[in-house]
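2 protein chains.
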Amino acid sequence: MDEQTRSKSITIYDIAKEAGVSSATVSRAISGKGYVSETKKIQILDLVEKYNFSPNTFAQNLKTGFTKTIGFIVPHIGNMYFASVYYEFEKWASSHGYMTILLNSKGDYEVESKLLYSLKEKRVDGIVMMGGRMDAVELSEEYIREIREIKDLIPFVSCATMAERFGCAAVYTDDGKGVELLMTHLKSKGYNSIYMFGGGDEFYPAYLKKKYAYEFGKKLGMKVTVNWLTPNMNFDYRSGYIGMKMLLEKPLEAEVFCGVNDYVAVGARDAALEAGLRVPEDIAFVGFDDIGEETVLPTHITSVSPCYDVFGKKVFTTLHKIMQDKKPHDMKTSLIKPELKLRKSTK
Amino acid sequence: MDEQTRSKSITIYDIAKEAGVSSATVSRAISGKGYVSETKKIQILDLVEKYNFSPNTFAQNLKTGFTKTIGFIVPHIGNMYFASVYYEFEKWASSHGYMTILLNSKGDYEVESKLLYSLKEKRVDGIVMMGGRMDAVELSEEYIREIREIKDLIPFVSCATMAERFGCAAVYTDDGKGVELLMTHLKSKGYNSIYMFGGGDEFYPAYLKKKYAYEFGKKLGMKVTVNWLTPNMNFDYRSGYIGMKMLLEKPLEAEVFCGVNDYVAVGARDAALEAGLRVPEDIAFVGFDDIGEETVLPTHITSVSPCYDVFGKKVFTTLHKIMQDKKPHDMKTSLIKPELKLRKSTK
Numbered sequence: 001m002d003e004q005t006r007s008k009s010i011t012i013y014d015i016a017k018e019a020g021v022s023s024a025t026v027s028r029a030i031s032g033k034g035y036v037s038e039t040k041k042i043q044i045l046d047l048v049e050k051y052n053f054s055p056n057t058f059a060q061n062l063k064t065g066f067t068k069t070i071g072f073i074v075p076h077i078g079n080m081y082f083a084s085v086y087y088e089f090e091k092w093a094s095s096h097g098y099m100t101i102l103l104n105s106k107g108d109y110e111v112e113s114k115l116l117y118s119l120k121e122k123r124v125d126g127i128v129m130m131g132g133r134m135d136a137v138e139l140s141e142e143y144i145r146e147i148r149e150i151k152d153l154i155p156f157v158s159c160a161t162m163a164e165r166f167g168c169a170a171v172y173t174d175d176g177k178g179v180e181l182l183m184t185h186l187k188s189k190g191y192n193s194i195y196m197f198g199g200g201d202e203f204y205p206a207y208l209k210k211k212y213a214y215e216f217g218k219k220l221g222m223k224v225t226v227n228w229l230t231p232n233m234n235f236d237y238r239s240g241y242i243g244m245k246m247l248l249e250k251p252l253e254a255e256v257f258c259g260v261n262d263y264v265a266v267g268a269r270d271a272a273l274e275a276g277l278r279v280p281e282d283i284a285f286v287g288f289d290d291i292g293e294e295t296v297l298p299t300h301i302t303s304v305s306p307c308y309d310v311f312g313k314k315v316f317t318t319l320h321k322i323m324q325d326k327k328p329h330d331m332k333t334s335l336i337k338p339e340l341k342l343r344k345s346t347k
Numbered sequence: 001m002d003e004q005t006r007s008k009s010i011t012i013y014d015i016a017k018e019a020g021v022s023s024a025t026v027s028r029a030i031s032g033k034g035y036v037s038e039t040k041k042i043q044i045l046d047l048v049e050k051y052n053f054s055p056n057t058f059a060q061n062l063k064t065g066f067t068k069t070i071g072f073i074v075p076h077i078g079n080m081y082f083a084s085v086y087y088e089f090e091k092w093a094s095s096h097g098y099m100t101i102l103l104n105s106k107g108d109y110e111v112e113s114k115l116l117y118s119l120k121e122k123r124v125d126g127i128v129m130m131g132g133r134m135d136a137v138e139l140s141e142e143y144i145r146e147i148r149e150i151k152d153l154i155p156f157v158s159c160a161t162m163a164e165r166f167g168c169a170a171v172y173t174d175d176g177k178g179v180e181l182l183m184t185h186l187k188s189k190g191y192n193s194i195y196m197f198g199g200g201d202e203f204y205p206a207y208l209k210k211k212y213a214y215e216f217g218k219k220l221g222m223k224v225t226v227n228w229l230t231p232n233m234n235f236d237y238r239s240g241y242i243g244m245k246m247l248l249e250k251p252l253e254a255e256v257f258c259g260v261n262d263y264v265a266v267g268a269r270d271a272a273l274e275a276g277l278r279v280p281e282d283i284a285f286v287g288f289d290d291i292g293e294e295t296v297l298p299t300h301i302t303s304v305s306p307c308y309d310v311f312g313k314k315v316f317t318t319l320h321k322i323m324q325d326k327k328p329h330d331m332k333t334s335l336i337k338p339e340l341k342l343r344k345s346t347k
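The listed protein sequences derive, respectively, from chains A and B. Those letters in the first sequence? Residues 1 to 347, by my numbering. Those letters in the second sequence? Residues 1 to 347, by my numbering.
Don't read these hints as lab results, they were simulated from the structure. The model shown is predicted, which means the values in this text are computed figures rather than measured ones. Wrong hints could be hidden among the right ones.
Note: identical chains are not told apart, hence a pair may lie in one copy or across any two.
[Claimed, not checked] With a straight-line cut-off of 25 Å between C-alpha atoms, the simulated BS3-like cross-links for lysine-lysine are: (1) K313 / K114; (2) K91 / K68; (3) K122 / K326; (4) K211 / K122; (5) K91 / K106; (6) K211 / K341; (7) K223 / K50; (8) K219 / K41; (9) K68 / K122; (10) K344 / K187; (11) K50 / K17; (12) K337 / K187; (13) K177 / K50; (14) K91 / K337; (15) K122 / K321.
Just need the whole structure built from these sequences, with the hints factored in.
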């Protein structure tokens with residue numbers, strides 16, 4: 001009985017820890033695919049035998065009893081985008097009897113790995129991950145394998161754009177739809193040129209918006225300029241502010257300036273106001289994420305809203321279904337249809 | 001052995017649940033102080049005997065094994081004040097091997113009670129509570145008893161102003177010091193009158209700032225006007241915006257307008273800007289909480305900062321000490337010394 005219980009609760013990570021190797025190495029040793037030194041291989045397979053470990057531990061983990069706890073990882077809860085999704089998610093989780101552990105990864109890859117490991121140790125019933133390295137365009141095979149292993153152990157939902165790479169369930173905003181909504185509206189208001197900036201090409205949420213902007217620009221007959229002003233451009237206010245200061249040194253290249261998110265857009269708008277420009281008469285600004293609500297802290301920026309209530313609920317219901325079905329391979333992606341919030345930064 | 005385990009894990013809430021009464025009623029039945037109907041009393045005392053329940057369950061709960069989990073209740077994580085304290089707290093909790101469950105009470109008394117109950121059921125090692133009803137100036141005896149019972153069961157830290165009422169450990173900002181810092185600075189800049197508004201008299205964080213403003217106004221020779229513009233005044237942007245619109249209908253009663261927090265101050269500042277006033281030339285604004293950092297979303301409001309890094313760390317170390325000492329009666333209050341952040345809303 002004891003042995004059985006023990007084998008049920010043993011995971012690939014326990015084996016990896018005891019052998020002093022990565023979980024990926026354990027995976028390679030068991031599958032026989034890929035290189036593992038002979039010494040390590042023997043050590044690992046001995047441990048697999050000792051603990052009667054089966055790599056198909058997903059269902060087993062679920063059988064060991066629910067903790068009714070969910071882990072939720074964000075880079076920084078002070079970012080209103082993450083806070084807004086979390087708030088809506090937690091409402092649904094709580095009403096279904098789940099408690100949610102909220103962890104900040106600081107966008108640090110190593111911290112993120114540690115947190116995932118801790119959540120696994122904690123035997124949470126499910127994990128949600130937002131932002132961070134999952135959004136990176138280029139990822140190491142090692143990292144993709146790490147996520148794939150986690151989602152094979154524990155019900156897992158990613159809110160990263162293009163999360164299909166990890167073979168996990170995904171919920172994210174339809175950026176193509178968002179860019180289309182935004183540009184169609186701008187065109188209808190008589191704007192014929194748009195300048196997109198902020199973020200960095202290395203992250204999908206920025207990379208894809210650029211790609212879609214070119215597409216819809218061609219379709220709508222709008223001039224599209226894209227400049228992420230790398231390498232120092234980020235997703236924050238300061239990036240927008242400094243970026244706009246640079247852009248204002250030359251004649252304006254567009255009528256509308258679009259931040260990759262609202263933080264960038266607000267920073268850019270403030271730089272323009274300081275330079276004596278009138279918004280929206282002389283220059284217009286738009287952004288993504290709708291971080292400002294009138295009762296919280298309005299940005300006054302026309303923005304593509306992810307519809308947080310729908311988003312947060314969808315993340316919960318997706319995770320809930322996997323937890324109840326006890327099947328790890330729900331690779332379904334749900335795209336959240338965004339809405340345009342018109343504010344006074346555009347005419 | 002089974003009996004012993006069971007009696008250890010039984011709490012006053014389990015007894016209350018089974019008897020269909022409140023935990024306060026169980027408490028009264030056991031202590032013999034206060035009214036309980038005879039039928040209920042017999043039923044409760046039977047349960048106490050059946051489970052070998054001892055009211056002194058604090059140490060017992062700790063003995064049943066740590067879950068290394070902490071519960072953290074805020075009204076709404078979308079409020080940057082709560083998000084900032086949480087971020088700093090979580091950093092310390094994580095580095096000490098604790099995972100934190102973050103719950104939103106929506107400022108609703110009933111939700112808050114339910115969440116406290118769930119955290120107790122979850123056998124968290126400790127609880128932190130911020131905002132919500134603990135800040136109310138007037139509280140029912142029933143509520144105070146509810147909190148006292150929780151803190152007798154589980155290590156508990158309150159971040160509410162005047163939390164001494166609950167006999168629990170408390171960590172909160174020294175509002176007296178904050179008001180002194182702010183008004184001394186304003187006086188040194190040549191301002192001789194201040195108008196305080198926002199929030200509501202029914203909450204200590206607002207009530208005490210008013211009280212201190214009068215005190216320091218007298219000391220510094222500044223004219224102090226206090227108007228919470230109740231009953232519709234709240235701690236949000238909209239309250240500041242609407243409140244300022246009302247104030248602008250008459251000649252200005254002061255040189256500086258002080259929001260009870262930054263959300264109110266930003267709302268008020270925006271209303272003044274819309275009315276064509278120059279900030280700070282014609283009118284100055286100040287607030288509390290320092291919700292805007294340059295890299296996040298700057299408010300440009302001169303503000304009394306709670307020093308989130310110190311605050312969050314102190315909340316954790318206070319809770320950690322109680323959890324380690326296994327003694328519930330650490331009633332120590334730690335006042336966090338605020339700092340003044342000067343921004344362009346004042347000269």
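Each hint, compared with the structure:
1. K313 / K114: Answer is between; shortest inter-copy Cα gap is 21 Å, intra-copy 27 Å.
2. K91 / K68: This pair counts as both: shortest intra-copy Cα distance 15 Å, inter-copy 23 Å.
3. K122 / K326: Both: 18 Å inside a copy, 23 Å across copies.
4. K211 / K122: neither (40 Å within a copy, 47 Å between copies)
5. K91 / K106: Answer is both: 24 Å inside a copy and 10 Å across each meet the 25 Å cutoff.
6. K211 / K341: Within one copy only: 22 Å inside a chain, 41 Å across chains, cut-off 25 Å.
7. K223 / K50: Neither: 65 Å inside a copy, 79 Å across copies.
8. K219 / K41: neither (56 Å within a copy, 77 Å between copies)
9. K68 / K122: This pair counts as both: shortest intra-copy Cα distance 11 Å, inter-copy 9 Å.
10. K344 / K187: within (16 Å within a copy, 37 Å between copies)
11. K50 / K17: Answer is within: at 14 Å inside a copy they meet the 25 Å cutoff, but 45 Å across does not.
12. K337 / K187: within (20 Å within a copy, 52 Å between copies)
13. K177 / K50: So K177 and K50 fail the 25 Å test inside a copy (53 Å) and across (63 Å) alike.
14. K91 / K337: within (21 Å within a copy, 34 Å between copies)
15. K122 / K321: This pair counts as both: shortest intra-copy Cα distance 21 Å, inter-copy 23 Å.
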